[in-house]
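Enquirer: Residues per chain, in single letters:
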Amino acid sequence: MIEVLYFAWLRERVGERSEMVETGAATVAELVEELRTRSEAHALALSDMKSVRVAIDQDMADMDAPLAGAREVAFFPPMTGG
Amino acid sequence: MTVSIQSSPFDMGAEVRRFAGSVSGAGAIVTFSGLVRNDGGKLTAMEIEHYPAMTERAVESIRVEAMDRWSLLGAVIVHRYGRLEPGEQIMMVATAARHRADAFMAAQFLMDYLKSRAPFWKKEIGPDGENWVAARDEDEDALARW
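Which chain is which? The protein sequence lines are A and B, in order.
Residue 28 in the working numbering is what sits at position 28 of the first sequence, and the numbering runs on without skipping anything.
Throughout, the working numbering is defined as the position within the second sequence, counted from one, plus 1000.
Think of the hints as simulated: they come from the structure by calculation, not from any bench.
There could be a bad hint or two in this list.
Label pairs and their computed distance ranges (CB to CB) [claimed, not checked]:
#1 A/Glu30 <-> B/Ser1008: 39 to 45 angstroms
#2 B/Thr1002 <-> A/Pro78: 24 to 30 angstroms
#3 A/Ala29 <-> B/Ser1024: 47 to 53 angstroms
#4 B/Gly1087 <-> A/Arg38: 40 to 46 angstroms
#5 B/Ser1033 <-> A/Gly15: 33 to 39 angstroms
To spell it out: a stretch of chain B is covered by chain A in this simulated footprint if at least three of its residues, at any positions, have a beta carbon under 8 angstroms from a beta carbon of chain A; those stretches are [stated by the list, open to error]:
#6 1053–1062
#7 1117–1129
#8 1132–1138
Quick reminder that beta carbons are idealized off the backbone N, C-alpha and C, glycines included.
The task is simple: from the sequences and hints, build the whole structure.
Expert: Right under this line is the structure:
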């Protein structure tokens, strides 16, 4: 099981702050493919991954990053701090 | 405390005095504070979301990077989250060094990195609705100079 988190407009579009996901996905990209099938809201939120950033266990990661051992995967837009 | 992620307001004067008292041998302290812009009534509030499990560690690693790159005696960062009104302070950085060049450069570096590498997201709330602030290409480009 992986806990998937969403922030900012991704959270609003998906309609969930977090969800537990049973997955066999080997990479972030495979997980995204699976998540898109969960609902239309997921498919819409994750339709353009160019505007989405990913962190695995609170470290920034790429779409092809492996998920082996991952407990938490977060999706969010580019950061706007400062 | 060198990094503080908090919802409550902070007193910049008190933070800077405490910081100045914690570093010895400083010849320069540079401070910066970012405010919620008062855009002539177009903005009612700003809502800042963050990723609690990641924020403090990400901000601390940016701080450590600045300490490694410049000859600093110290650096502190305060960043707020939650709902803020126009004119309120969002965040501050302070850097201390023997000479001003290091303190100025490190403060700019911290600001550039906090803008696009610290997990905060700003939403502007106005009379006509809400709108997530989009990251700007210039913010990403600003990192290239370091």
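Enquirer: Hint by hint, note whether the structure agrees.
Expert: Do the hints match the structure? See the list:
1. Hint check: A/Glu30 to B/Ser1008, Cβ distance near 42 angstroms, so the stated range 39 to 45 angstroms holds.
2. For B/Thr1002 paired with A/Pro78, a C-beta distance near 26 angstroms keeps the hint of 24 to 30 angstroms intact.
3. Between A/Ala29 and B/Ser1024 the C-beta distance comes to about 51 angstroms, which sits within the given range of 47 to 53 angstroms.
4. Evaluation of the 40 to 46 angstroms hint for B/Gly1087 and A/Arg38 yields a pass: the beta carbon distance comes to about 42 angstroms.
5. At about 36 angstroms, the beta-carbon gap between B/Ser1033 and A/Gly15 stays in the expected band of 33 to 39 angstroms.
6. Only residues whose C-beta sits within less than 8 angstroms of a C-beta in chain A count toward coverage, and the region 1053–1062 of chain B has 4 of them, enough to reach three; the restraint holds.
7. A count of 7 residues in the region 1117–1129 of chain B with a Cβ less than 8 angstroms from any Cβ of chain A is obtained; the coverage claim is therefore met, three being the minimum.
8. Coverage of the region 1132–1138 of chain B by chain A holds in this model, with 4 residues showing a Cβ closer than 8 angstroms to a Cβ of that chain against a need of three.
Violated hints for the displayed structure: none, as all numbered hints are satisfied.
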